[in-house]
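*Asks:* Each chain is listed here by its residues.
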Amino acid sequence: MSTATPKIELSGVKKAFGAKKVLDGVDLSVAKGESFVIIGGSGTGKSVMLKSILGLLHPDAGTIKVDGEDTTRIGGRARERVMTKFGMLFQGGALFDSLPVWQNVAFGLIQGQGMKRSQARDIAIEKLAAVGLGADVANLSPAELSGGMQKRVGLARAIATTPEIIFFDEPTTGLDPIMADVINDLIVKCVRDLGATALTITHDMASARKISDRIGMLYQGKLIWQGPTSSIDNSGNPYVDQFIHGRAEGPIQMQVKLA
Amino acid sequence: MGFLSGIGRATLVFLAATGRLALFTARALSHCVRPPFYPRLLVQQMREIGYNSLPVVGLTALFTGMVLALQSYTGFARFNASSAIATVVVLSITRELGPVMAGLMVAGRVGAAMAAEIGTMRVTEQVDALSTLSTNPYKYLVAPRILAGTLMLPCLVLVADIIGVFGGYVVSVYRLGFNPTAYLSSTVQYLETIDVVSGLVKAAAFGFIISLMGCYNGYHSKGGAQGVGAATTHAVVSASTMILMINYLLTGLFFS
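Protein sequences appear in the order of chains A and B. Quick note: the first sequence, position 18, residue 18 per full-length UniProt numbering, numbers continuous. Quick note: the second sequence, position 58, residue 58 per full-length UniProt numbering, numbers continuous.
For reference, chain A alone in the conformation it holds in the complex (with noise of 0.2 Å):
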């Protein structure tokens, strides 16, 4: 670890939702360049903690940086400024379905630098190319695309307009292994091309050893443990141990009935 500015820096960030604490104190350095993977299961408050670096959740309680500049409670004008670094690539794709292919990828462009929609189209096309779709779905409803295309789309739409740091919610959940594969090729080469930074949610391990420089795992709303990818095989954790082993008997014990 470089002693630079983390790209993305949280301190004892918390977030409650009525009774329930969803994140606990996450502590998280996210250095330039890097690709981080948080792992953890389901409703451990992976996709909130996503949400509340981008903006969209407001947390109860500690600081979250970005490039050193503390955006925790930041809103309007400087909250748009600060989007511009970030593109996200969602679980559900979450394209527009009101547009064609090409205007949801330059969406960011059009609406958000206010760039020609000619030009636009052209980087559009470009983007799709580098994500392996041809200029013929361009015109396409997403509604016309498969899911593994549309996560195509919904990755070209997150590099776009070029971002300094990429969130992937997900990115292969639903996909058969074959396309989860592909998917993981294309975010460890957009991610390098950019140069980004990159922070990933996932519960699918070869996914995660795949895309990740480092790997942290949450559980109960706290980073219970994180190191480089090559040591997350003796991690000396028991809890990391039972969720890359994919065992239902250990620590982790899952709610299997309704609170």
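I should point out that these hints are in silico values taken from the structure, not numbers from a laboratory. Every value quoted in this text rests on a predicted model; they were computed, and no experiment measured them. The C-beta atom is built at its ideal place from N, Cα and C for all residues, glycine as well. Heads up, none of these hints are tricks.
Pulled from the structure, derived: some chain B residues nowhere near chain A, Cβ distances all over 12 Å:
| hint | residue |
| --- | --- |
| 1 | L21 |
| 2 | R109 |
| 3 | Q189 |
| 4 | L249 |
Using C-beta positions, here's what the derived DEER-type ranges look like:
| hint | chain 1 | residue 1 | chain 2 | residue 2 | range |
| --- | --- | --- | --- | --- | --- |
| 5 | A | K116 | B | F255 | 48 to 58 Å |
| 6 | A | G12 | B | V13 | 26 to 36 Å |
| 7 | A | S98 | B | P36 | 16 to 26 Å |
| 8 | A | G43 | B | P36 | 29 to 39 Å |
| 9 | A | G227 | B | V13 | 37 to 47 Å |
Here are a few chain A residues that sit away from chain B, every Cβ distance over 10 Å (derived from the structure):
| hint | residue |
| --- | --- |
| 10 | K21 |
| 11 | G68 |
| 12 | T72 |
| 13 | D122 |
| 14 | I123 |
| 15 | M149 |
| 16 | A180 |
| 17 | L186 |
| 18 | S235 |
| 19 | I244 |
Model the placement of chain B on the given structure of chain A, informed by the hints.
*Replies:* Okay, now just chain B, sitting in the frame of chain A:
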């Protein structure tokens, strides 16, 4: 004690909901007047709310005017007052039935569609995606709809007024045997500017309420298909009841 805590909880829920709606309204209004604007989306919404609602609003107005003439004839004939029908029709339509009927029909047609569309965008994370693409969802989704609703409802009501009066004319002249010239002259005889203007002001208020409730309920929907369904219902029901309440308040302001 359970009874009392129930009342308390309901009061708190009501106050929280009122506060959320007030905040939403303030935020939406502030984004209506601050750039960037999306003229393309505004035009699209104006076409959807105004132009595409013409058939349903026109039909409603036509039959309302027709039934008004028929009903007042059967009633007024008892007092030998059937000459007042034209005035009754035109005043009822412009002051009350034009705006209220158009408001209720548009609430069902447009308010529901807004809640369903924005609600689906919310639960499929498209609203969040807007934010990550440096686009404010209030500006992109809410402001064009609220502006379009407030601007287009008065236009719709003006058309509805004309069609409604025409409906009354058709029934009076062709079914009840009134003299066309006499009917038309007594239609305009007692009509004042305030009658039409008050109806148009009401229409603007209704248009605002319909769009606001559609957007608010859609924006705050959660939990998949069921949540979107509930949001749609709430949008239509709350808009319709608020239209009727505000109609009373505005009538009181205009004609007290």
